[in-house]
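Undergrad: Whenever a hint applies, use it, and build me the whole structure from the sequences.
The opening position of the sequence shown corresponds to residue 1 in this note's numbering, with each subsequent residue numbered one higher.
Hints are not guaranteed to be accurate.
As the list claims (entries may be wrong) - DSS-like mimics (lysine-lysine), calculated; alpha carbons at most 30 Å apart, straight line:
1) Lys78 with Lys9
2) Lys7 with Lys82
3) Lys9 with Lys82
Simulated from the structure, these hints should not be mistaken for lab results.
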Amino acid sequence: MTFVDLKQKEVINCNDCMRIGCVADIDFNPESGQICGFIVPASTGLFSFGKCMRYYIRFCDVVRIGPDIMLVDVCLDKAVMKEDECRV
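TA: Here it is, written out as structure tokens:
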């Protein structure tokens with residue numbers, strides 16, 4: 001599976017069956033080559049211009065990766081990235 005394949009998958013939380021978003025980036029350890037987590041931009045409303053809301057989903061929180069979706073089991077309150085972590 002490639003990064004392009006992952007970017008096309010919707011991320012669904014098993015706790016509340018809500019859509020979180022789609023994978024935007026991957027965090028990995030360059031020394032070991034292991035994936036540490038996924039960065040998923042939050043689905044925001046129409047009037048949220050300029051707001052940076054992203055979730056960091058740890059790899060150990062991934063339940064299953066299917067052909068269309070990625071199921072995760074995560075508390076979204078704890079997965080919110082700080083605004084300064086969102087800047088490029």
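Undergrad: It remains to establish, for every hint, whether it holds in the given structure.
TA: Hint check results:
Using a Cα cut-off of 30 Å, the hinted pair lysine 78 and lysine 9 holds, with the two alpha carbons roughly 22 Å apart. For the proposed pair lysine 7 and lysine 82, the alpha carbon gap of about 22 Å is at most 30 Å, so the pair holds. In summary, the hint linking lysine 9 to lysine 82 is supported, as the alpha carbons are separated by about 24 Å, within the 30 Å threshold.
When held up to the earlier numbered hints, the structure conflicts with none and fits them all.
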